[in-house]
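Chemist: Take a look at the letters that make up each chain.
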Amino acid sequence: MGDTKYTVNESSLKGEKTQLVTNEEPLMAVLQKDTINDVAANTCEIHSASKEKVEPPKLEDGEIVGHHMTKCTDGEGINAGGISPQEELLVQLTYLQTEEGIHKHACQAQKLKPSETSNMVRVQAEESNSGCSGDKRLEDKTVFEATECWDEYVILSGDVNSNAAGNEGVLLNPLLFNTQPHLDVGVQLDAQTSWHFPAGPGLTQEVQCPLWHFPVASYYPQLELTMPFEVVWREWDECNQKDQSSLIPFSVKKMSMDFTVMSYNILAQDLLEANKQLYVQCPLEVLDWTYRCSLLLKEIENWTPDILCLQEVQENHYHEQLYPALSQMGYTCVYKRRTGTKTDGCATCYRSTCFAEVAVTKLEFFRPELEMLDRHNVGIVLLIRPLIVQEAVVTAVGPPLCVANTHLLFNPKKGDVKLAQLAILLAEIDAVVKSCKAKGEHCNVVVCGDFNSVPHMPLHQLIITGELYYQGLPANMISGQEDQSNKHCYRHLRAPLWPNSLGINDLCQYTANTNNHTSESTSQKSEKRQYTREFILQFRYCPAACVRPQDLILIPGVTNINPENSRDDQQQDKRFRHILRHMLDLESVYKHFLPRSGCPEITTLHAEGGNTVDYIFYSPKRDFAPDQKAYGKSAGEGLKLTGFLSLLSEDVLWSMNGLPNHIFPSDHLSLLARFQLDINAE
Amino acid sequence: MNNKFDALKDDDSGDHEQDQGSPKDSEKEKIEDDDKEQIIIKKKMVVPGAGEHPLQYNYTFWYSRRTPGRPASTQSYEQNIKQIGSFASVEQFWRFYSHMIRPGDLTGHSDFHLFKEGIKPMWEDDANKMGGKWIIRLRKGLASRCWENLILAMLGEQFMVGEEICGAVVSVRFQEDIISIWNKTASDQATTARIRDTLRRVLNLPPNTIMEYKTHTDSIKAWEDFHGLVNASGGR
Chain D
14 MGDTKYTVNE SSLKGEKTQL VTNEEPLMAV LQKDTINDVA ANTCEIHSAS
64 KEKVEPPKLE DGEIVGHHMT KCTDGEGINA GGISPQEELL VQLTYLQTEE
114 GIHKHACQAQ KLKPSETSNM VRVQAEESNS GCSGDKRLED KTVFEATECW
164 DEYVILSGDV NSNAAGNEGV LLNPLLFNTQ PHLDVGVQLD AQTSWHFPAG
214 PGLTQEVQCP LWHFPVASYY PQLELTMPFE VVWREWDECN QKDQSSLIPF
264 SVKKMSMDFT VMSYNILAQD LLEANKQLYV QCPLEVLDWT YRCSLLLKEI
314 ENWTPDILCL QEVQENHYHE QLYPALSQMG YTCVYKRRTG TKTDGCATCY
364 RSTCFAEVAV TKLEFFRPEL EMLDRHNVGI VLLIRPLIVQ EAVVTAVGPP
414 LCVANTHLLF NPKKGDVKLA QLAILLAEID AVVKSCKAKG EHCNVVVCGD
464 FNSVPHMPLH QLIITGELYY QGLPANMISG QEDQSNKHCY RHLRAPLWPN
514 SLGINDLCQY TANTNNHTSE STSQKSEKRQ YTREFILQFR YCPAACVRPQ
564 DLILIPGVTN INPENSRDDQ QQDKRFRHIL RHMLDLESVY KHFLPRSGCP
614 EITTLHAEGG NTVDYIFYSP KRDFAPDQKA YGKSAGEGLK LTGFLSLLSE
664 DVLWSMNGLP NHIFPSDHLS LLARFQLDIN AE
Chain B
179 MNNKFDALKD DDSGDHEQDQ GSPKDSEKEK IEDDDKEQII IKKKMVVPGA
229 GEHPLQYNYT FWYSRRTPGR PASTQSYEQN IKQIGSFASV EQFWRFYSHM
279 IRPGDLTGHS DFHLFKEGIK PMWEDDANKM GGKWIIRLRK GLASRCWENL
329 ILAMLGEQFM VGEEICGAVV SVRFQEDIIS IWNKTASDQA TTARIRDTLR
379 RVLNLPPNTI MEYKTHTDSI KAWEDFHGLV NASGGR
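Read top to bottom, the protein sequences are chains D and B. Start counting the first sequence at 14; every next residue gets the next number (the numbering used here). Start counting the second sequence at 179; every next residue gets the next number (the numbering used here).
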């Protein structure tokens, strides 16, 4: 059986490779699985069966893309399957078909799983996904191989996905489900080189980047079928998925969808050329834009994230290469170039088949009237809604999702400016979230970008804890980036961090009038002059409030208070305190250490060293007791992280001659995460 | 008790029960007709300044204090309550509020009242006579913050009960402080329940906080009983 699967795999790989790896274990796993009675098990069986039956020729396209997405979906789908009988049926049906050798359907089933769960059917997906299921399964098995050969591979979750019945299958299942996505890559590597990743130096010599035909993403049949693709040496980590679904009664209708988000600083060519000293270690050819661009597009295509947040996108490259290519891949793109003379900017793209745009705000952090905000950085805040597609027709839209993308100031000395830029971004997000709230909807948030700040230093701390006591901190310590310049003359931060005229308070929220979607305008929608406490409080010490009313009767000890007196205590307290806060609940996808080795993971590397400065933050789904969940109380609130593409350690990257190199086209790595979003069942 | 007795009359305002054991003292008491005229000094309606944030309603601050040593009398309440001023916008509110002492810093039997313009902080006012109030007793030290949160919620129309809200009172007493919010229709349970829930939320009250709803009719009756004025005219 294992062989068969492999065959499939290879076939998927266009048969170029001979499978070096034979996995008997995976097979066994599958077999065991088969014995399991529950749906999940069944599915598995079917899968395996299908694989067996799968003929290489059949599987041509789309698996790579399919893998990650599908995989996850798969596991989840099963979870969900436990929930709604319909889904189960669908799944089963699909599988049945598969069994009959109809790979396409299988594919669909899996692919659509996420969508099924959410009743989404992507037409294209349907048509183009052939043989996915087979592939997937293969991957599952491959997982095992991976585990064997790559001791690095960590299985995060030992949980049973949907196995109510806890038998051997329980253990196996998770494996199968968990590891798939990166396996694609891993397997191939394995098969070809048997190379042990962390093995150390000489990597470049040893590694023969296998050229294999990159199957066309199933969503985009128009792409060429064969492209040389170099393996990305990164692993996909499935997140621990406790299976609550098995606890949820069947009657509860719950749908969910999966989506993936990539954040990627792609290194603007102009910046590269202006800072060549940072890339002296790189072979010249990897610094060439045309070369980097092709690698970049392949990488994007490989993962086909549903949402793509790019930084350092050079304007001409955006218009000439990236936008056309991304459009062709099915993305809708929003671009914002930096103000000033720099030629790059941010681009946020989303797959038009998955999301519909509700609103876009392009933020400029440069404020000519404010001395401190003199830097030309930008951000994009997007409000989108997932499309729920049934039989090629959009039947509904899911809950709103706010996607923010930014590239904060680099200058390590200007921590205060970074904080102010961040505050502007957070205020805009807050306004978007409030505008949804005013309509009774919960808006989940994903914040991506290059924050030019390292983990657990003040700026990062503000984001993830929602609070930062900044008074007296040296400005060059805010980001934690190494300050190469003279460290002796640094400034200390003092309240207020920025003037009131910025229109943003110390809660990183807009104060009055600065923005359309502030609480004020929301309140006016209700046609009542309704003000929140926070709104009223911000006028406490406005000039008009400090003038003693002429008609105020003087009662000694009662009405002879001078506002200035109370101001010192209270103003610091209530107004611009020494603490900066924000009200968004954000968590980082990456934990900044590689799970196995405990080595720091890094997102960027150049001649002066490596660091983590890129992040994907998201509003996490907070745990509720299962019974609460059953009431659907928290439906749609919070995202569940179901997997992410692991980063690498500095050592490993140096062994590849640093960044950029022949595999990674930028001096940053891409960040990629997959989330699950609950959609209220109608 | 004697002291309390005295106290009742004078202070009053918002809360009754200022001292434990005493019947509710009068809130505002009985005012002779002529007195009434005085109290209601009709001012021209205040309006929001240019660019200010208008409130849904105009409000008036009142202040009252028991005069030490004076016997309770029907007049004393009225004599002791003073209009501090009226406002129509968020900014104007702060203008008054910032020049006023925080209730927690008040000494003696004192009350701040914040009522919609045109409604007197008395049971007898037309807007109040069918009404009642939610009462929350606070240990010392909490009054300033709770009062501020209460009135910000009221000014900001957070109670969402239409025009039902009449005003709010904070009463500083010897061992405790009391805040209350008055509404028009005591018999409207949906409204009173909503007010209660909003109170809990905006004051961030622990779930076990005791909240008491009292109709003004009961307050008056208690006051009259206590003073042996059942048949007297003032009370209603």
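Treat the hints loosely; a few may be bogus.
What the hints assert, rightly or not - Now the stretches of chain D that chain B is said to cover, found in silico as 3 or more residues with beta-carbon under 8 Å:
#, segment
1, 548-559
2, 568-575
Said to hold, decoys possible - Some chain B residues near chain D, calculated using beta-carbon distances under 10 Å:
#, residue
3, 257
4, 262
5, 264
6, 268
7, 279
8, 284
9, 330
10, 331
11, 353
12, 387
13, 390
To be verified - Using C-beta positions, here's what the derived DEER-type ranges look like:
#, chain 1, residue 1, chain 2, residue 2, range
14, B, 406, D, 454, 14 to 22 Å
15, D, 385, B, 390, 46 to 54 Å
16, D, 385, B, 304, 53 to 61 Å
17, D, 566, B, 223, 17 to 25 Å
18, B, 390, D, 504, 53 to 61 Å
Keep in mind that the hints were calculated from the coordinates and are not lab data. Yeah, the Cβ is synthetic: ideal placement off N, Cα and C, and Gly gets one too.
Chemist: All hints, please: hold or fail.
Modeler: Here's how the hints hold up against the structure:
Only residues whose C-beta sits within less than 8 Å of a C-beta in chain B count toward coverage, and the segment 548-559 of chain D has 10 of them, enough to reach three; the restraint holds. Counting residues of the segment 568-575 of chain D whose beta-carbon sits less than 8 Å from any beta-carbon of chain B gives 7, enough to reach three: the coverage restraint holds. Evaluation of the residue 257 of chain B hint against chain D yields a violated restraint, the C-beta minimum of about 14 Å exceeding 10 Å. For residue 262 of chain B, the interface hint holds, since its Cβ comes within 10 Å of a Cβ in chain D; the closest pair sits about 6 Å apart.
Of the supplied interface hints, the one on residue 264 of chain B holds, with its beta-carbon coming within about 8 Å of a beta-carbon of chain D, less than 10 Å. Against a cut-off of 10 Å between C-beta atoms, the interface hint on residue 268 of chain B holds, since the closest Cβ of chain D lies about 5 Å away. For the restraint placing residue 279 of chain B at the interface with chain D, the shortest Cβ-Cβ distance is roughly 5 Å, inside the 10 Å limit, so the hint holds. For residue 284 of chain B, the interface hint holds, since its Cβ comes within 10 Å of a Cβ in chain D; the closest pair sits about 7 Å apart.
Of the supplied interface hints, the one on residue 330 of chain B holds, with its beta-carbon coming within about 5 Å of a beta-carbon of chain D, less than 10 Å. Checking residue 331 of chain B against chain D: minimum C-beta separation of about 7 Å stays under 10 Å; hint holds. A least Cβ separation of about 21 Å between residue 353 of chain B and chain D goes past the 10 Å threshold, and the interface hint is therefore violated. Interface restraint check: residue 387 of chain B against chain D, minimum CB-CB distance 19 Å, threshold 10 Å, status violated.
At its closest, the beta carbon of residue 390 of chain B sits 24 Å from a beta carbon of chain D; the interface hint therefore is violated under the 10 Å criterion. In this structure the supplied range 14 to 22 Å is violated for residue 406 of chain B paired with residue 454 of chain D, their Cβ-Cβ distance being about 60 Å. Range check, residue 385 of chain D to residue 390 of chain B: about 52 Å between beta-carbon atoms, so the 46 to 54 Å window is met. Range check, residue 385 of chain D to residue 304 of chain B: Cβ separation about 56 Å, and the 53 to 61 Å hint holds.
Look at residue 566 of chain D against residue 223 of chain B: about 18 Å separates their beta carbons, and that is inside 17 to 25 Å. Restraint check, residue 390 of chain B to residue 504 of chain D: a C-beta distance of roughly 55 Å satisfies the suggested window 53 to 61 Å.
Hints 3, 11, 12, 13, 14 from the earlier list are contradicted by this structure; the remaining hints agree with it.
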